[in-house]
Amino acid sequence: MNGQAWLLLLEGAWTTLWISGVAIAIGVSAGLGIALLRMARIPFLEQLLVLYTSLARATPLVTLVLFIFLSAPMFGINLDRNSAAILALALNTTAFNAEIWRAAFISFSREQKEAALACGMTEGVFFRRIMLPQMLTSSLPGLVNEMSFLIKGSPAIAIIGIVDLTRVTNRIAAVTYDPLPPIIAAALLYMVIIGVLLKLQAIAEKKANRLAM
Amino acid sequence: MTPPGITTAMPIHGFALLRKLVFAGLAGSLMAAAASVQADIAEVKERGYLSVATEDDYAPFNYIVDGKPEGFHKDLLEDLKAYAKDKGFDVRQEILPWTGLLASVSSGQYDMAFTGALVTDDRLRVFNFAPPFASAQHFYVKRAGDHSLSDIASLCGKTAGLQAGSALLARLPELKRMMADAGCEIGNVVEYQSYPEAYADLANGRLDYVINALISVNDLVKTRGDTFAKGIAVSGDGFAAWPIPKKSPELLELITGFMNQIRDNGRLAALQTKWFGEAFPSMPKEPITAVDQFHKLAGME
Chain A
2 MNGQAWLLLL EGAWTTLWIS GVAIAIGVSA GLGIALLRMA RIPFLEQLLV LYTSLARATP
62 LVTLVLFIFL SAPMFGINLD RNSAAILALA LNTTAFNAEI WRAAFISFSR EQKEAALACG
122 MTEGVFFRRI MLPQMLTSSL PGLVNEMSFL IKGSPAIAII GIVDLTRVTN RIAAVTYDPL
182 PPIIAAALLY MVIIGVLLKL QAIAEKKANR LAM
Chain B
234 MTPPGITTAM PIHGFALLRK LVFAGLAGSL MAAAASVQAD IAEVKERGYL SVATEDDYAP
294 FNYIVDGKPE GFHKDLLEDL KAYAKDKGFD VRQEILPWTG LLASVSSGQY DMAFTGALVT
354 DDRLRVFNFA PPFASAQHFY VKRAGDHSLS DIASLCGKTA GLQAGSALLA RLPELKRMMA
414 DAGCEIGNVV EYQSYPEAYA DLANGRLDYV INALISVNDL VKTRGDTFAK GIAVSGDGFA
474 AWPIPKKSPE LLELITGFMN QIRDNGRLAA LQTKWFGEAF PSMPKEPITA VDQFHKLAGM
534 E
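Top to bottom, those sequences are chains A and B.
The number in the numbering used here is simply the position in the first sequence, starting from 1, with 1 added.
The number in the numbering used here is simply the position in the second sequence, starting from 1, with 233 added.
With the rest of the complex left out, here is chain A:
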């Protein structure tokens, strides 16, 4: 393990980070959208979303990544690897996030809504100013949990040739025939990434608690 190897590992960590980051951003917002649509109970659309959520949660990430990447040329779509990877990760995490958001919806107290409407708030104002902030704080642990799962599951995208953090360890070990040092280094980098994520969660929770007082 020389300086160059560390540089390659950091490059891999960056790839893992930005691809997972984009997928998480899409997943959290699309998950909220799907949860809202499902709570609206629109016939046909609801069944469709239930089917999507079940399918996406039941499909292993590696299978999904390969399926999207390999089936793209069949439909005449020119999908590059990064887009295929982001699409697959986002499809996967959106389904889980939608369930987390939905749980927050279901557990939201009716009394607050009645009180808000009695005060003359419209449904939109009530959602924006009362419901969403509380949903956010109650969902945050679940969402961050799912984010950390996604980051740790992201080596699945290496199967279509993206050089993420785990793939870099394979590349280094393929030349040195000594896999342990790069794997330990990669584990350290994963821990740093997840550690930062958890720290951000703690900060956000602190801030939310202060606002709620």
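Be careful, since some hints might not be right.
Said to hold, decoys possible - Only pairs whose alpha carbons sit at most 35 angstroms apart, straight line, appear in this in silico DSBU-like list of lysine-lysine:
#1 B:463 with B:480
#2 B:518 with B:301
#3 A:153 with B:307
#4 A:114 with A:207
#5 B:529 with B:507
#6 B:314 with A:153
Since the hints were made in silico from the structure, they are not lab data.
Chain A is already provided as a structure; the job is to place chain B on it using the hints.
Just chain B now, with coordinates in the frame of chain A:
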């Protein structure tokens, strides 16, 4: 990946759906096989480039040093580019891990695999192989200093490591026959996702020996001669060659022409010596397209 309490009914439900998905996927890929228009030369020319899939962890064929491609194929790619330029198109290299590589080539993401793929019966159903560029007779590797392993009979009952889905695994029956002739049976066979893991397990004693192709074994022993030692051949002859989808016969012809050119001008022998430590002058000069032909060339009765 599920928050507790929400998904208790999942397993049964999920399994049924997964099965449906698998069927849908199978139907999809069958349709793709039947309907897809493969990129044969006409399409390559129209597109302006030939896309070849290479690997990143397969020394000395294709590997990465300090973030840059290195190896036999990296050098040969320059020649292929020059050859293709005369024919009016460019060559683009894509780097993939082996696990997804052949599937990507057969599905049409890439035109051909430009790496040390070994010829097997199963692969010949989907791919034609360009004239081989290296021998791939299978050898076993043991720990350096392990004197209990020598001839075939000494391997009997010992634990072997191989790559899952590999050509090495496909030709294991030959070793089994050799062992039967020696009056014994093969021991446990452990399959690995890739060879570095198998070597690590050999080094720490979980395996007694690992089987790999000649060139890979030579490269391993060259780099880690302190830990590993080369054993004897455990199969008949084998070939490393480039797989080209059966649907692209014109491309196969073009690549055969390329092989003829580099064989005649001595470039092939030079690169073989540089990367593999020896030239292979007795390799077949025609492409391998059928199982019978492969068996005859490899001397598998």
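**Request:** Would you list, in rising numerical order, the hints stated earlier that this structure does not obey?
**Result:** 1 and 6
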